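Chemist: Please arrange chain B with the ligand on chain A, whose structure you already have, making use of the hints.
First to last, the protein sequences are chains A and B. Heads up: the first sequence begins at 1 in the numbering used here, then just goes up one per residue. Heads up: the second sequence begins at 1 in the numbering used here, then just goes up one per residue.
FYI, nobody ran anything at the bench for these hints, they're computed from the structure. None of the values given here were measured: they were computed from a predicted structure.
Pair ranges (Cβ atoms, derived):
1) A:Ser66 to B:Leu71: 22 to 30 Å
2) A:Ala19 to B:Gly23: 51 to 59 Å
3) B:Arg67 to A:Gln11: 23 to 31 Å
4) A:Lys92 to B:Lys78: 43 to 51 Å
5) B:Ile24 to A:Arg130: 33 to 41 Å
6) A:Pro93 to B:Lys82: 53 to 61 Å
No residue lacks a Cβ here, since even glycine has one placed at the ideal position from N, Cα and C.
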Amino acid sequence: MNEKDLVLRAQVGDFDAFAELIGAHKDKIYGLARKLSGNDQDAEDIVQDTLLKAIDKIDQFRLEASFGTWLYTIALNESRALFAKRKQTDLKPIEEYLPGGHSGSHETGDHHRLFDWRDPGSVLESEELRKKIDLHIAGLPYKYREAFVLRYVEELSVKEVARTINESEAATKSRILRARLALREQLSEFFEDRHDREMS
Amino acid sequence: MTGKCPEYVNELNDYLDGSLDSGICAEIEKHLGKCQNCRIMVDTLKQTVKLCRGGKEESLPPALESRLNNLLKAKWDKKFGKK
Ligand SMILES: [Zn+2]
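Here chain B stands alone, though its shape is the one from the complex:
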């Protein structure tokens, strides 16, 4: 193979996110067909995002919530001039 692999670097993320026009896509795919490292790169970059997305939903810890409520109420009363 000739040329540099990072040739498509500016298009890489658009390619991964599927927002690249089909002409350039075809070019990249042609390269991927011949270049194992680039193919692994692309596959594992896709996998990276999948893994990072997979976290659990967080909710506000109850202890923080009650501490916050007191703090916010105090600030509120100060701002709006209540005793």
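With the rest of the complex left out, here is chain A:
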């Protein structure tokens, strides 16, 4: 049975049709929720709230959008609602993440040389690094995390992210960049510590 038929049946009360509809998307929704929340408990809450909301709103679903996109949008809204209740700190201004963030020469100034970890080798595979990354993404203030995850993990275009989070493209780009700079800085510390440990 195609999606349209399943939707029409679900809308008149056929639970099996609804179950089949969500079945095709539940892993994707869970993956999104897991990335956005960074932990299992919140991810489960987001998925649960998303599917309950989908039942509430199933009558309002119009066939112009795909069911998957509709569900995805509900999940983003539920995730945002969950984190809106929690206190968020802000990230530093972009300039403060950059080297030589004020005028002057690097060579003569007192700027410290950035640690270069572009080729971290075997550590790439490590479980330790994987956990660190998830933790750092989860630690970003929500609005940055959301923009970053949608852009680079979910691989939407900047335009699509902007539309999804209902912000201008300029504001979206700025959020994505700040998230990226913050994560880079944290990873840098991780690799530098590791390097120091190995040297000592």
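Modeler: For chain B with the ligand alone, coordinates are given in the frame of chain A:
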């Protein structure tokens, strides 16, 4: 070197994602050729995204799935008035 490194900051992400027009790209690359910190910055920013992308595919935990099924069915029956 003169000038401030963050001069290209507004273009930085577009540059990293390869969506910047070639004139500005060339300017940034000229700067990168002379400025080691900026070069490290750019390389590690690229690496950051690569690492963040590398997570494993998640799937819904089976325990959650069966708990959800019961919950959804109950809500469904309530909405559509079944006993
Ligand atoms: Zn520079």
